[in-house]
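Chemist: Use the sequences and the hints to build the structure in full.
Number of protein chains: 2
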Amino acid sequence: MTLSKLPYKGTRDLFPSEKRVQNFLFEKMHTTAQLFGYEPYDGPLLEEVDLYRAKSGEELVNEQIYRFIDRGEREVAIRPEMTPTLARMVAQINREAPRPIRWYAIPNLMRYERPQKGRLREHWQFNVDIFGGKENLAEFEIFSLAITLLQSFGANASHFEILVNHRKLVDCLLKDKMKLSDEVALKLCKLLDRYKKLPEAAFLEQLNVFNLSKDQEGLFLEYLKLNSFENLQLFLDAHQIGSAVWDFKTFFQMAKEFELTSYLHYDPTIVRGLDYYTGIVFEIFDKHPDNRRALCGGGAYDRLLEIFGEKPLPGVGLGLGDVTLKDFLQSHGLLPDMSRPTNDILLTFQLDGGMAPTMRLAQALRAQGVRVLTTLEALKLNKIFPLAEKRGAKCVSILDDQELIANKVAIKNLKTAQQVTFDLHDLGAITKFIMD
Amino acid sequence: MTLSKLPYKGTRDLFPSEKRVQNFLFEKMHTTAQLFGYEPYDGPLLEEVDLYRAKSGEELVNEQIYRFIDRGEREVAIRPEMTPTLARMVAQINREAPRPIRWYAIPNLMRYERPQKGRLREHWQFNVDIFGGKENLAEFEIFSLAITLLQSFGANASHFEILVNHRKLVDCLLKDKMKLSDEVALKLCKLLDRYKKLPEAAFLEQLNVFNLSKDQEGLFLEYLKLNSFENLQLFLDAHQIGSAVWDFKTFFQMAKEFELTSYLHYDPTIVRGLDYYTGIVFEIFDKHPDNRRALCGGGAYDRLLEIFGEKPLPGVGLGLGDVTLKDFLQSHGLLPDMSRPTNDILLTFQLDGGMAPTMRLAQALRAQGVRVLTTLEALKLNKIFPLAEKRGAKCVSILDDQELIANKVAIKNLKTAQQVTFDLHDLGAITKFIMD
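As given, the protein sequences belong to chains A and B, one line each in that order. Its first residue numbered 0, the first sequence is counted upward by one per residue in numbering that gives the first Met the number 0. Its first residue numbered 0, the second sequence is counted upward by one per residue in numbering that gives the first Met the number 0.
No wet-lab data here; the hints were simulated from the structure. Any given hint might turn out to be false.
[Stated by the list, open to error] Pair ranges (Cβ atoms, derived): (1) Asn-22(B) / Pro-97(A): 17 to 25 angstroms; (2) Lys-195(B) / Arg-94(A): 42 to 50 angstroms; (3) His-238(A) / Gly-71(B): 43 to 51 angstroms; (4) Gly-308(A) / Asp-400(B): 41 to 49 angstroms; (5) Ser-157(B) / Arg-94(A): 42 to 50 angstroms; (6) Gly-368(B) / Thr-415(A): 27 to 35 angstroms; (7) Arg-94(B) / Gly-308(A): 53 to 61 angstroms.
Since the structure is predicted, the reported quantities are computational estimates derived from the model, not experimental observations. Backbone N, C-alpha and C fix where the C-beta goes; we use that ideal spot for every residue, glycine too.
Modeler: Below, the structure written as structure tokens:
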């Protein structure tokens, strides 16, 4: 029987050229989180399904989750998102932990969905959350962190924007102003969530199914047209939607103080699919015309800990996937070429007798922090240079009979073309030459 | 309904103090792999069960694997080990990739087993493999890499040893010399694997079940007593087990040349449970009397690619788990205290008016690479220092009415107790003071 060489549907084999890119993304995530004082955490790959049933919403549990019964008759799921695990962990230390709690993680997650651009069944997601922070300040810290991360790749306000909305505003509009029932409001909310993915005609057709009255539809379409914070302010005033729903004036004032207005835009269609958001919700959107999609989403939630019998603790978080981030960077030419490895030196020998001294030199150099690639057999001179190029080696060594007899080694820097012959035991000088 | 706060059985919630330790282990793994020119890779969390059925052995597939049927009727498993995925990936690039192929990964893996010390249902494992390397040289490179990793934590030959055996030698003994059938040989092999875990009497009792003849048992017990390379040499000579089985003389000669004899020891009970090994097999054993267990295992394999219709390609690999590594380091006091975070500065303000300038200073400092933790509300002077200590901050800032009026900020280094007042906009001087 011959087995398939291909990975499971919707997942990736990360060969070195791709894994180097992913590691590059991960390193920037770690560095950025640490710049903001966020502490790392991680949780289990499997959780009991009840955890998601309680918090993630029916759609995710019924259709998108990998779940099964384990040998101990527990109903478990591969984590499709990190927030429920985070909530479970924070519930454990909630009572004694000083505020705010600032945590981040980069877990691998799985969702059962039809693979498409930017959506795979398995991806890694940068999760950043702050609990117990002051309202607005916590939100702006999360925005700043996301912007700092994207800036670290060379991106700026010409490449991406943060589209913002508020769950309470949507709730107030649908329930208090349009007088829809909870059930109908939820359905309309889901339609709102798909607004950007549907052609205008298809959206209107689906809206028709709701059989809204003329007043209801008028209000909804007026809301849908809001495309700036200035418009929003007029709308809030006209319909007497006050600061209890969204303390919008403070929010906008702080956006100015923090110099974030060039990144932040109001978008009435941002609602986020997950059931737990209760305040600000946002998506970071790619501005590139070929990649108009969200690369990051998040928002504020109040009651994530309630299911564990804990008091409400306000939190704000974001999730940013490695696939969507990579697509974003690629679409703007912001991803460096990582198709080749990098090594400090390719250590070679031309005669079998050179093997043992080469291996000892390799070990000695590694102890100095030099990244040494060795050949495991004698290599002819004319083969050294193409191999060094392929393996991204900065220097090569030559150890032929001449050098062997004299206990020497010749080392050439391929960038400067400088070649120097060293005593085999002069580790300091060799290291300095390679690392300079 | 109140949900449990505890993680799924046999898995870990990694709170920041534990996750910092894991990240510390991961960083050393990355660094060491790169010192040897190994390239990173990763594969999917799920694989089709047939992959493990073909290579990992029946015990693993039947008893230890998390498997289920997905919504597309595929029989899939959460990866219990990385080697089969690695083999599948190498099979894809085998024909064009230059030799040797040197790859490493640090995947999370799951096995269904009874949780006990050093064995959890989920762990992370450092996997290092070399394909197409010259025999013995490839093995010694893997040994050197493992030793270099453990040395980077401060460990040496007084803390651990590498116990070595050879699969062909065991095969030759059981089948050619003792004349056991394949099936009986396999069972005796499994008993050998458990030798160290069983009390002597229990081992002998289980050996009795095999009903060995006097000659067979004599030979087996003679083999079991081998406890050094010198003993082994005598045994190989006495029973005319030649270099076709194990080119032991070359192996031993190279161990001397590479100065590895203080780490390497012969152990007749090392066989490794997984079915794919065909050559050298080894385990790295903790020498601490309280933690006599393997923290790493590996070996050489020839035919991993055959199931994909590819020609044999010799490989050598190791797997080292994060749980066993941590236990090892802890048992020898080699794990630094990471219970607290580290931050460069805790940026605080004493009056509400200090918030906006503080947030702007925070962003400016982060752009210089300073790790800045801010408070999200005004903090009284006497609360700064205990908080800074708890959060591992090297410096703190003071921004009271005096400073606010003058557009200044006072910064104190908590280690040196030096305190200097800076102009709020003198970013260079502030950064230098904090980072010095």
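Chemist: Could you say whether the range 42 to 50 angstroms given as a hint is met by the Cβ separation of Ser-157(B) and Arg-94(A)?
Modeler: At 44 angstroms between Cβs, range holds.
Chemist: His-238(A) and Gly-71(B), beta-carbon distance inside 43 to 51 angstroms?
Modeler: 48 angstroms, holds
Chemist: Go ahead and decide if the range 17 to 25 angstroms is satisfied by the Cβ distance of Asn-22(B) to Pro-97(A).
Modeler: 22 angstroms, holds
Chemist: Evaluate the given range 41 to 49 angstroms for the C-beta pair formed by Gly-308(A) and Asp-400(B).
Modeler: 44 angstroms, holds
Chemist: Looking only at beta-carbon atoms, does the pair Lys-195(B), Arg-94(A) fall within the given range of 42 to 50 angstroms?
Modeler: Once the Cβ atoms are compared, 44 angstroms apart, the range 42 to 50 angstroms for Arg-94(A) and Lys-195(B) holds.
Chemist: Per the hint of 27 to 35 angstroms, is the separation of the Cβ atoms of Gly-368(B) and Thr-415(A) within bounds?
Modeler: 29 angstroms, holds
Chemist: If I claimed the Cβ atoms of Arg-94(B) and Gly-308(A) lie 53 to 61 angstroms apart, would that claim hold in this structure?
Modeler: The hint (53 to 61 angstroms, Cβ to Cβ) holds, given that Arg-94(B) and Gly-308(A) are roughly 59 angstroms apart.
Violation of the numbered hints given earlier is absent; every hint is satisfied by the structure.
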